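The hints should help you fit chain B onto chain A, whose structure is shown.
Number of protein chains: 2
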Amino acid sequence: MAEHLVYFDALTEPVRVPTGTLLAEAARMAGLEIGQPCGGQGRCGRCTVQVLEGNVRRRSTLRLSAEDVAQGFALACQTVVEGDCRVSIPPQEKIERRLTTDRTVSEITVPPGYNYELDQTIHRVHLSLSPPSLEDQTDDLSRLLTALKQQAGFTSVSTPLPILRKLGEALRAGDWNVTAILDVHDLFDGRYIEERLVDLLPGRVPQEEPIWGAAIDIGTTTVTVWLVNLLTGQVEAQASEYNGQIARGEDVISRIVYASKNGGAAEMRNLVLDTINQLLATVCQRYNVRKKDWESKASPEQIVKATIAGNSTMMHLFLGIPASSIRLSPYITAVNHVPLLSGQEVGLNINPLGIVDCLPGVASYVGSDITAGVLASGMDDTNRLTLFMDVGTNGEIVLGSNDWLVACACSAGPAFEGAGVYCGMRATRGAIEEVWINGETYEPTYRVIGGGKPSGICGSGLISLLAEMFMTGVIDKAGNLNTQLGINRIREGEYGLEYVIAWGEETQTGKDITITHVDIDNLLRAKGAIYAGYSVLADSVGVPLEMIEQMLIGGSFGKYINVEKAIQIGLLPDMPWEKFQFLGNTSVRGAYYALLDHRARARIKEIATRMTYIELSADNSFYEAFMSALFLPHTDLNRFPSIAQALKSPASAG
Amino acid sequence: MAEHLVYFDALTEPVRVPTGTLLAEAARMAGLEIGQPCGGQGRCGRCTVQVLEGNVRRRSTLRLSAEDVAQGFALACQTVVEGDCRVSIPPQEKIERRLTTDRTVSEITVPPGYNYELDQTIHRVHLSLSPPSLEDQTDDLSRLLTALKQQAGFTSVSTPLPILRKLGEALRAGDWNVTAILDVHDLFDGRYIEERLVDLLPGRVPQEEPIWGAAIDIGTTTVTVWLVNLLTGQVEAQASEYNGQIARGEDVISRIVYASKNGGAAEMRNLVLDTINQLLATVCQRYNVRKKDWESKASPEQIVKATIAGNSTMMHLFLGIPASSIRLSPYITAVNHVPLLSGQEVGLNINPLGIVDCLPGVASYVGSDITAGVLASGMDDTNRLTLFMDVGTNGEIVLGSNDWLVACACSAGPAFEGAGVYCGMRATRGAIEEVWINGETYEPTYRVIGGGKPSGICGSGLISLLAEMFMTGVIDKAGNLNTQLGINRIREGEYGLEYVIAWGEETQTGKDITITHVDIDNLLRAKGAIYAGYSVLADSVGVPLEMIEQMLIGGSFGKYINVEKAIQIGLLPDMPWEKFQFLGNTSVRGAYYALLDHRARARIKEIATRMTYIELSADNSFYEAFMSALFLPHTDLNRFPSIAQALKSPASAG
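Chains A and B, in that order, are what the protein sequence lines are. Numbering-wise (our numbering), the first sequence opens with residue 10 and increments by one. Numbering-wise (our numbering), the second sequence opens with residue 10 and increments by one.
No wet-lab data here; the hints were simulated from the structure. A couple of the hints might just be wrong.
[Stated by the list, open to error] To be clear about the criterion: a stretch of chain A counts as covered by chain B if any three or more of its residues have a C-beta under 8 Å from a C-beta of chain B, and this derived list gives those stretches:
1. 129-143
2. 337-345
3. 620-626
Since this is a predicted model, take the numbers as computed values, not measurements. Note that CB positions come from ideal geometry on N, CA and C, so glycine has one too.
Same shape as in the complex, but just chain A (with noise of 0.2 Å):
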């Protein structure tokens, strides 16, 4: 097969692909990230470069005008060398480092009662051996046995190989006092004990030293890890960081698409490894610089025990079981219920024969960061009727109370995450994450992340945004353009009628910051679909969403939103604002939970299997409520009073 030279710009040596190297395999072999949030199915137009000279053949111009074309623009994901060329990646938006931490970081209270002997999965314990003899050759791994049922009781003890590789050494070099860690758990659904050995430390390992877990949260988005002293219960320290996987899709479906390409899963399994490694490296620094002196170090690979929250493809992925079932009809996940792994078995760099504990999910849009969610909201222990919702790139939906739990999820798409959206991006600095209208002029005023000029919209600069020029009445309840105001920020743009929100001059880039007809549909789908999710499930089970008595909303999406704007565009539920509660990252605190507790880890267990799942593609009556869903707030204006007061009254509005 012919070979060619494709020169980027930012390198000085040209890369040699043969005929047919998609572009943005070029770039990854020259070293060069190019992000494909769409997983290069050719839908989200990031992957644009410029071919400057040479030979290249589009399979797709999508997102792409003529013009663009002509001057040589083209989709990495979507176009082939043919010959020697040369390319220009342009400047892209660079993903800032600003964790979603850097907000959330707080003190996390003990569960209270917490109590390491009673509670932990975790054992450690001292035992003294009597020396070997000539009169007593009993070799190690029956003496060390002996020892555990004679002096601490555990009397079904498993030994993987890596504990017999060290065993003698352990023995011996502690004089024959040793520290024993164990993992005490119920082999095939609680009828069977096993004690399983994870660690063999010679000596005696003074009492106070902590014992080390780490509680995970693998989002589509971020990934959190919380180090936990396991003796105390305390979180020692708290990391987030985006999910490697990123660069390869935005949301779960491009990710499963990209998985299912060669290599593809290999790939997305070890980003994410990436990511959590490095996060463990980072919870255990921050303890270390923290520590009092005479305090031991920690580090990643003391940690014995790990419990992981995410939703079924991020699971999946993670642990390099294929996922391409999630994403088809009927949409079924490999396995719910993960069993019992190690670190060595997964990946994690934490103490090899450490216990990853991945917690149970329900389906395949309702993994185990609802389950753990659920745990953490404490809806499953109340008798108060609650709907817990965890808004992300999915939204999770669960409806009930200590009696009965019912879910679904619906495809919001990653709209409300700044995707999708022509001039939307994360919220970092730079977004603008809140507009106010003059009712009067429809001049627009927002507030832009970290001050300064802004540079896009993020999702709740999106909300706020949809309310105001709604409650103006820029756009109409079916989200059209009102061109009949006579106003120059409404105007005809590139992809159709748009609002201009900041002209040129006021921006980073330069460039006029737009919303377009076709962002506010998507805007108004994405709404639409949540919305539409939590009425037919609680209209499933005939429960009227007046009765909800309070409504909790987990993910770091819930924690920025204005309720009043989200209820005035129809995304939440038109209720006094007391019931509404914030939960922040309940994931990672569910897995925290579990870690800690063994009966809160049942507890999860019981979650999932209790919960009923509705399939909503399954049900001909979400797809009327979706689109009954799709105006502003919602086509039944009854359902919003609140709202339609104020639609009476435009005073209030703006």
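Only chain B this time, still in chain A's reference frame:
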């Protein structure tokens, strides 16, 4: 540190090494193999090289004469580089690939009444699953577990991560028909049954398709693998090969010493893994060339279960478990009862989840080669008082019956395997295997393996030679050469008195083949140790040797020795010849029985548990018995009445 160039005559390029590097190490770095039968302890002299030029320092010159040293000869394992040098490696005795199985391959009879359904721990079941739908979104794993329960009665199935990874594909590729392979075994001393999924194949595998297993014997010298169809119990192919560790030490002690060096343990493990994996490929290949056209090919990856027998040192080194405590008083193993492992964990190229069952041993010097051997011999199941012996570099001896079993081990040393003897060699082509001495002329005749000129003498030849020399009076009962005979075959050689078996003109090397008084001493010590072993063992339980009803001799050693001559030198007890039975490789046969039948496996465990190990080195009477046995046939001639008789009528000898 200074570096020097070492030029080996076999190579065109020199190798660069730092000051102080051993010549053996330099050779290895250059890719040259120098055999180190003693493990690099400077004992055996087999790694002798000639330094033609340059600066080296000899740490030891044991086994080298002053003249040797003057000519530049040096032990590669004891000589360090201190300047550039030029080294010649003399042509070494090449290990011929003449395998023991060439003599021992035989039709193995399937144990009568073998019944796959009842005896086997491996189960292969076909399952027909109902496909998922929007109405039934059960995850793949739960669907499979339900089918396993409802269609096959398995209720405690564990599913390792690799199964989860192939689950979705296996179910869908077979259109929801799937073949599951499980191993059913006890956990925690039979208190729980685990049903572990080993493989999952799409569709319905034909009922007659073989299920592959392997019985493996890891001998210190030879590794043997049998390929077994678990469905029929038939041994379909056999192969043996020298243990790749041989070049790093001929006996277990040298191997442990080598493994204790930096990186030595990993090297030892890899060497034996390479040997076994090569043999697994060989047996499959041997089956494939024999199989019918319509039969499927066998490949190592299809092997779902392997049972492994071997002495405790071999087992530790194979599993990468440090073995140093085996060598040092009080001689402790890390583990006698190894938990079930998988192919992947231990590094065997079988199915990654294939069950690896390392059979249980008793003590440092009574490993599972003996427990499996006892099973194969049937001595644990007979009421006839039996002495079972496995004679190799170590002699392991078991006495008892279905009532009780006692065992001991004695270090015979490698003399009977031809090592540590001046003209000794293994029982390969060119070895003298039997000697006759004329009682009047003292002229020897001999038989050579493979015919042709001899190049050395092997174990059975040494026994034969020693017996003939004794019975004809060439040596006295203390092993002293009789210089009064006035024959030129008895002479003063480089190492003192010696007897010439073959003159240089008759030999392959052109050099005389002799036995020195040092060799005779070594042989007396070897036979004395074994005699002392079983006589002290019998004594310790108050059993006179005459009471023993059968003598079962295992190990390939036992297959070739001449009973009459072995009695004449006092190696075997003076008993009617019909009491002796030679069983060949009892270790692999025991492993084969355990592979087939879980009751046989349980019996080996029972044998290991009820066998009382007697540590001879703790016993003063052993030393006394050993000293008394250093004579031919013994100090106390009453113990060998038939020999006493023969010595009275010399006509019967020679």
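Verification of the supplied hints:
1. 129-143: holds (count 3)
2. 337-345: With 8 residues close enough to chain B, the hint holds.
3. 620-626: n = 3 at 8 Å, threshold three: holds.
In summary, the structure agrees with every hint in the numbered list given earlier.
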